[in-house]
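Protein sequences, first through last, are from chains S and F. So the first sequence is numbered by the numbering used here: it starts at 1 and just counts up by one. So the second sequence is numbered by the numbering used here: it starts at 1001 and just counts up by one.
Derived from the structure by calculation, the hints contain no laboratory data. Heads up, some of the hints might be wrong.
Claimed, not checked - Listed below are the simulated DSS-like cross-link pairs for lysine-lysine, each with C-alpha atoms no more than 25 Å apart in a straight line:
id : chain 1 : residue 1 : chain 2 : residue 2
1  : S       : 96        : F       : 1170
2  : S       : 227       : F       : 1064
3  : F       : 1227      : S       : 258
4  : S       : 64        : S       : 96
5  : F       : 1100      : S       : 227
6  : F       : 1170      : S       : 100
As the list claims (entries may be wrong) - Computed list of chain F residues with no C-beta within reach of chain S, every gap over 10 Å:
id : residue
7  : 1043
8  : 1045
9  : 1096
10 : 1220
11 : 1249
12 : 1317
Claimed, not checked - Only part of the chain F face toward chain S is listed, based on derived beta-carbon distances under 7 Å:
id : residue
13 : 1050
14 : 1197
15 : 1231
Ideal Cβ positions, reconstructed from N, Cα and C, are used throughout, including at glycine.
There are 2 protein chains.
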Amino acid sequence: MAGAGLSLVRHPDIRYLFFGEEPAIEEQIARHPRLSEKCEIVHTDVAVAMDQRPSQALRKGRWKSSMWLAIEAVKEGRADAVVSAGNTGALMAMSKFCLKTLPEIERPAIAAIWPTVSAECVVLDVGANVGADAGQLIDFAVMGAAMSRALCELERPSVGLLNIGVEEVKGLEEIRKAGAALRTCDPPFRYHGFVEGDDVGQGLVDVVVTEGFTGNIALKTAEGTAKQIGAYLRAAMNRSMFARIGAFLAQGAFRALKDKMDPRQLNGGVFLGLNGIVIKSHGGTDATGFASAVDLGYDMARSGLVARMSDDVARFHDALDLDSVA
Amino acid sequence: MAGAGLSLVRHPDIRYLFFGEEPAIEEQIARHPRLSEKCEIVHTDVAVAMDQRPSQALRKGRWKSSMWLAIEAVKEGRADAVVSAGNTGALMAMSKFCLKTLPEIERPAIAAIWPTVSAECVVLDVGANVGADAGQLIDFAVMGAAMSRALCELERPSVGLLNIGVEEVKGLEEIRKAGAALRTCDPPFRYHGFVEGDDVGQGLVDVVVTEGFTGNIALKTAEGTAKQIGAYLRAAMNRSMFARIGAFLAQGAFRALKDKMDPRQLNGGVFLGLNGIVIKSHGGTDATGFASAVDLGYDMARSGLVARMSDDVARFHDALDLDSVA
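Looking at chain S on its own, in the form it has when it is part of the complex (with noise of 0.2 Å):
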């Protein structure tokens, strides 16, 4: 609530459809007395459990779970994207099945937004689904880069495919599959070639595309050195007198650098390949975070992603032909 809070302060226009149990909603609302004017509540006391299977989630609690509902008011237009913190799988698996995919797509991916030295890269799949042949790949790649477009206003994103070299002959076969493909092509993007783990950060490339569990231990392992090296940097700060006095003194620094290695300030997993938008906000975030994760929805929204990135697949798939690489 306290998140929503905060996403209405920078965008006023925002309205909530806020999906579960009416009386907590409302004692939470009470604390955010400027948000009473700004939504409207559904209520439901069913709710899917955080370690429900997805398929099972889909099966019983349907048609009254507060996620569902949340994303039914997408595809019934009567919202213009879904924000949880909720279970992931169960999030996809109902989001899959309420709103469908675009024709073209077979598998939606989740996108992350990965700060860069530079400005901020696209990196899909982060979790999804486990595995991907070439033509998903190249699929994740268009998205990709209607994503990278519609957010940072990009006309021409350039997108690599992590590989383990930047060598033609390396990596998984589907890799090399989807790049020789992406070489012979004409995307609506420009295809820089195989970037790899360290290229990420480096801000090489506007997009970075991979399969889900690659994707997935490449982001959480970005995460992870993070926080290890923040780690790091208090305990060094403390090791001695002017170490202390320094750090005070640099406090301003340390405070924008805090602020650059935010995770909360990037929150938010988006679903591409949906016919509607469906942000997966972190689980233990906070306000800020979540707050980011509105943010999202709301730019994501306002850029019209899901039309353009419809089209964008359509044309695409239309001039491509896989087999012939094969």
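Chain S is fixed; fit chain F onto it per the hints.
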């Protein structure tokens, strides 16, 4: 050469065999007089190029190249370990061909030492092969545990399988299968369960097991993130006069932090599963980095790594019945 000299200071009982162009090596040794008493030069003018395909390197220059001769010296007992900064793929192919794998091991792996908030973690495979089945992952676990034992003197290191969630139902089938097998048998280490990308740097376990594609991308992502945060930190410490004064006062702390984050301190991938010790140093490193790789080879040889690993693998392979959990 300077790196070899550094290691010699730390380990005065080291003796070197240098393989390559004799005049060039002699010229370099002349600058490190202490080295000249401790080394022998084996001349060859055949070198494996960095861009040569492993299969090519094996066919063409095999019998005369510096890389092959150095590996052969380990095979023939004239050296205890080989350290090379050359072509990784060729080094692995030649090592397999010349030294052979341990009887029970199908595939060697490359292990990296990953700094954590508490100590160090052995991560493997970081790029010897793409993909691994359940049996190979279990072999990696046994080999990684043996290395951790040799390196950190832990009697029963803890081992985790890298996955995209800690629940038993998540991730790739091979990983789930390996996990199920490790739960039901009695491995020569503590099996922790699944770990995620952000657990590695937190030092949750002593050994992290994954297949080579994911491992390589995780390692490079962590290196890239560390470099990225280093850049943020430098920028932050330059943004105002106070920050600069603070940074000046805290320079001792920053130096300690830099050491901690310095990838040269833990340079060297260890090829595990072979009848001999082979260390791959980063190609782009300097004397400090190369000395770390030499130190690692020294420690591995001193600890009798190969013999102990060979024992562990043989004993555990007899006890393990992977088919029963298939």
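Hints, verified against the model:
1. Between residue 96(S) and residue 1170(F), the direct Cα distance comes to roughly 19 Å. Compliance with the 25 Å bound is thereby established for this hinted pair.
2. With a CA separation close to 48 Å, the supplied pair residue 227(S) and residue 1064(F) exceeds the 25 Å bound.
3. At most 25 Å may separate the alpha-carbon atoms for a hinted pair to count; residue 1227(F) and residue 258(S) meet this at roughly 16 Å.
4. Annotation: proposed proximity of residue 64(S) to residue 96(S) holds, straight-line Cα distance about 17 Å (limit 25 Å).
5. In summary, the hint linking residue 1100(F) to residue 227(S) is not supported, as the alpha carbons are separated by about 41 Å, beyond the 25 Å threshold.
6. Between the alpha carbons of residue 1170(F) and residue 100(S) the distance comes to roughly 24 Å, so the proposed pair stays at or under 25 Å and holds.
7. At the 10 Å boundary, the C-beta of residue 1043(F) stays outside the reach of chain S, the nearest C-beta of that chain being 31 Å off.
8. With a least CB separation of 26 Å from chain S, residue 1045(F) remains clear of the 10 Å interface cut-off, as annotated.
9. Chain S leaves residue 1096(F) outside its interface by the beta-carbon criterion, the shortest separation being 18 Å against a cut-off of 10 Å.
10. A cut-off of 10 Å between C-beta atoms contradicts the statement that residue 1220(F) is not in contact with chain S; the least separation is 3 Å.
11. Not every beta carbon of chain S lies more than 10 Å from that of residue 1249(F), the smallest distance being close to 3 Å; the non-interface claim is violated.
12. Remark: the non-interface label on residue 1317(F) is consistent with the geometry, its nearest Cβ contact in chain S lying 28 Å away (cut-off 10 Å).
13. Given hint, residue 1050(F) at the interface with chain S, is violated; its Cβ is 11 Å from that chain's nearest Cβ, farther than 7 Å.
14. A distance limit of 7 Å between C-beta atoms decides the matter here; for residue 1197(F) the minimum to chain S is near 3 Å, and the interface restraint holds.
15. The closest approach between the C-beta of residue 1231(F) and any C-beta of chain S is roughly 5 Å, which is under the 7 Å cut-off, so the hint is satisfied.
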